[in-house]
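A.B. asks: Spelled out, the chains give:
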Amino acid sequence: MSAPQTGEAASPLQICRIMWPDDANVAGNVHGGNILKMIEEAGCIVGTRHCNTQNGDRCLAALVRVEKTEFLSPVFIGEVTHVTAEITHTSKHSLEVQVKVMAENILTGAKKLANKAALWYVPCSLQNVDKIMEVPPIKYASAEQEEEGRKRYEAQKMERLETKARPEEMMPSPPNPEDPPKEKHTVGFSQSSLIHLVGPSDCTLHDYVHGGVTMKLMDEVAGIVAARHCNTNIVTASVDAINFHRKIKKGCVVTVTGRLTFVSNKSMEIEVLVDASSVVEAEKGKYRAVSAFFTFISLDKDNKPLPVPALKVEGEDEQRRFDEGKVRYLQNKEKRLSDKMRGQ
Amino acid sequence: MSAPQTGEAASPLQICRIMWPDDANVAGNVHGGNILKMIEEAGCIVGTRHCNTQNGDRCLAALVRVEKTEFLSPVFIGEVTHVTAEITHTSKHSLEVQVKVMAENILTGAKKLANKAALWYVPCSLQNVDKIMEVPPIKYASAEQEEEGRKRYEAQKMERLETKARPEEMMPSPPNPEDPPKEKHTVGFSQSSLIHLVGPSDCTLHDYVHGGVTMKLMDEVAGIVAARHCNTNIVTASVDAINFHRKIKKGCVVTVTGRLTFVSNKSMEIEVLVDASSVVEAEKGKYRAVSAFFTFISLDKDNKPLPVPALKVEGEDEQRRFDEGKVRYLQNKEKRLSDKMRGQ
Amino acid sequence: MSAPQTGEAASPLQICRIMWPDDANVAGNVHGGNILKMIEEAGCIVGTRHCNTQNGDRCLAALVRVEKTEFLSPVFIGEVTHVTAEITHTSKHSLEVQVKVMAENILTGAKKLANKAALWYVPCSLQNVDKIMEVPPIKYASAEQEEEGRKRYEAQKMERLETKARPEEMMPSPPNPEDPPKEKHTVGFSQSSLIHLVGPSDCTLHDYVHGGVTMKLMDEVAGIVAARHCNTNIVTASVDAINFHRKIKKGCVVTVTGRLTFVSNKSMEIEVLVDASSVVEAEKGKYRAVSAFFTFISLDKDNKPLPVPALKVEGEDEQRRFDEGKVRYLQNKEKRLSDKMRGQ
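Chains H, P and W, in that order, give the protein sequences.
So the mapping is simple: this note's numbering equals the position in the first sequence, first residue as 1, plus 18.
So the mapping is simple: this note's numbering equals the position in the second sequence, first residue as 1, plus 18.
So the mapping is simple: this note's numbering equals the position in the third sequence, first residue as 1, plus 18.
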């Protein structure tokens, strides 16, 4: 993917920082969620900067979608991550940012590609957060490049509409700690929730949570589910496309729930649902803000993949979700294979 | 403790999260203060949500008291703690939340009861923090249950009044660095302070410090005192009832001081005093915001209690505090014994 | 300052990130201490990376000195700071890193120079933290450039030796709470301390506190002193050279104390002393780890400097420190003037 020609404001941006103990699990692996948070921070900067290069209200680039992304190699405490973000397509009201994450071991000098992602942003006016601003167009290196971008734009637009039309997956009922323990390796056994009260330090320029903060929580709950299922060191392998349906405001309570949907020999697919409700405006009720599928793998001490225990599926709903997960798994596998054969 | 019948808003709330290295001491034991902070977060959410189910100003449930609580089993890094909070009594202007903490080893599946606590909250208007709102009543399962709640309410109210009436314990004079070093195992030897500037992340919906943040600092200083006295791995065993006399605002400097008051064969009682002062409104002076007694024990490598070095008491004041501590120690011991005999 | 020719490993490094509410004071001004922390993180990365390009033990670049630095313009929440670090001189056992901080308003596109700093690092073996490794030499663009670097190296070396030889300034005696309150605008009135327990998230690759973490605490306490003296919005204007005499290990309690030494019409000089002591090895006693002079100014609502109340000096020691501070103030003023005339 070569970059389109862009003006100064749309020029690539690089974020980098040392990974601290707080960023990693006990095995020293940096959480995928922290990588996603850095990716989103870079995307938000480059997008916001670009959308403010015209007259009109000041605005903030708000994340509406992250395309499917894979974690290509693990990152460790003490390594330096370099996140490069670049605007690669603009439509009238949205823009695409492509992001690359390199991890550098500053002791050995070794560098590796850790992640590649594509994010879609929409500029929201800071005066009125519901007003979507126009996006200044970028220049493309070639007509082909522009055309490819347009195709990606159309594809994600359709997919986002579809997701909206789909009946909302019921929120799983939280397990009562006094219930008898579930049978091991069932869906109910590993289902988990995190609940977080959105505070000022989750927000910057307006009073809404950054998409990166939400993704970090989602990855955290998916990690708990995966660890419960296989009792080993687990890491994020990939995340399916995430759509951010609705914004989450400061003062909301966010419930992030994860449950296994599908398990292959060496991977687990976890569905994560994010529901928000205002603490002080209870009458507004809970609403679904985000949902996504995370894939985790289990690693041994040398960071080699371990087999994963089979999932004990119970009931029709679990079976349906399992079958749907299997379809996604096989599609991804096929796509990886064909990408490889095309030498990509 | 069976739950009263409640509407949706008063329904139990469950918070859960993984314990990180930052939550624990070097031996891997999660600080009691972090458990207290989670307990308070759950209580604040469930209380705030309930108090906003009626018309009138939006309000926040502010912590005014935590009943005596015991740490029943140690929690370790990597474990998942589940905190369940439920409103169990309401008076006109306050409500009681009972909280239970389970710790789960997600690798082995083992669960244990880590803590049980009862907290009292008062709803403060977000428009005017000094205006106390009314609390919507909950429904009780039985008249007995309501009656028991009322008794707990009256008991804590009396105790809070008593604490207010008691002459304020003078802040221990900080050690003068030019003095010769104190003798080991004296009160002065292990007396410690932490001083912290209240920042945005210590507060959430209004500009006041969460009770949980204060309790975490209190536990931290008590841990330093205990470690200085016995030079071993120490953990929080219990905390006496804590009354939150006055609120602490963002921008205040908080001085948290701990000193040994009493030492038995296997436990240390540490008095912790919290004083706050505004940085920019010096004329208001320092004020005592909170005070409490923490009990710590010393553990060997297998988490078995170790003997604690005797306390060298110097002067009348230290002797008086030692004798008062001994009374509390014997009362607690007796109470634990009678609870046990009643099969609780 | 033009850059020397350097190999890949010594190439400039750029760190950048959004400023969050937690990074700033209530007026929205990002704390100078957070800028210093980012500067040190960039310096540590570029230094560590360079020192590991040779055979021998893996090592970490440990901060030993920061040259006098000025905060040229305020930075605000939501702005993006870009920190560029570059190795500009190497001696056998130390290296100089020059760092530049640009702040960018991503809404308006405005950029401003926020800080320029020079830091000295020494590579410590990760196997044995007391073993100082050799620094691989860099290539210089010209003999002149090398010569200038050598002069800076000699100058800072001499100054560090001098600081060591100087009798250690006694730690200011903490105020006794039973004393009557101090008179306003005296040294004693605004003297302040912070006390912090060093945790895992203050350290990365080894178990010692990062210099940047210490500088952040120092700036925080200096800010409290300044706010107490003039009750207004205050910001860091400059920091005199800081020498890091001794390392601070995980598990230490750090006492950071600040007191006014000199006040001019529009600025305050605050001396900050950092003392560390191990919690469990009390016999080792407290030791002075760092000391420095911070200069703060007071700002009105439009970020224009306000007059500062005069300092009421009491006793010989305070007068001596005041006179010494005045000498530093006049020297700095003269230097700024001559720099200006040289058009630098």
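Careful, some of the hints might be misleading.
Computed from the model, here is a short list of chain H residues facing chain P with C-beta under 10 angstroms [unchecked claim]:
{"hint": "1", "residue": "N43"}
{"hint": "2", "residue": "L90"}
{"hint": "3", "residue": "L131"}
{"hint": "4", "residue": "K202"}
{"hint": "5", "residue": "G217"}
{"hint": "6", "residue": "T250"}
Calculated lysine-lysine pairs in the DSSO-like style (CA-CA distance at most 27 angstroms, straight line) [to be verified]:
{"hint": "7", "chain 1": "W", "residue 1": "K302", "chain 2": "P", "residue 2": "K267"}
{"hint": "8", "chain 1": "H", "residue 1": "K268", "chain 2": "P", "residue 2": "K149"}
{"hint": "9", "chain 1": "P", "residue 1": "K149", "chain 2": "H", "residue 2": "K302"}
{"hint": "10", "chain 1": "P", "residue 1": "K304", "chain 2": "W", "residue 2": "K351"}
{"hint": "11", "chain 1": "P", "residue 1": "K157", "chain 2": "H", "residue 2": "K302"}
{"hint": "12", "chain 1": "P", "residue 1": "K200", "chain 2": "H", "residue 2": "K267"}
{"hint": "13", "chain 1": "H", "residue 1": "K304", "chain 2": "P", "residue 2": "K304"}
{"hint": "14", "chain 1": "W", "residue 1": "K302", "chain 2": "P", "residue 2": "K200"}
{"hint": "15", "chain 1": "H", "residue 1": "K267", "chain 2": "P", "residue 2": "K157"}
{"hint": "16", "chain 1": "W", "residue 1": "K302", "chain 2": "W", "residue 2": "K200"}
{"hint": "17", "chain 1": "P", "residue 1": "K55", "chain 2": "H", "residue 2": "K304"}
Quick caveat, the hints were computed from the structure, so don't treat them as lab data.
All figures in this text were calculated on a predicted structure; none of them were measured in a lab.
We put the CB at the ideal spot given by N, CA and C, even for glycine.
A.B. asks: Tell me, in ascending order, the numbers of any earlier hints that this structure violates.
C.D. replies: Of the numbered hints, 2, 3, 7, 10, 12, 13, 15 and 16 do not hold.
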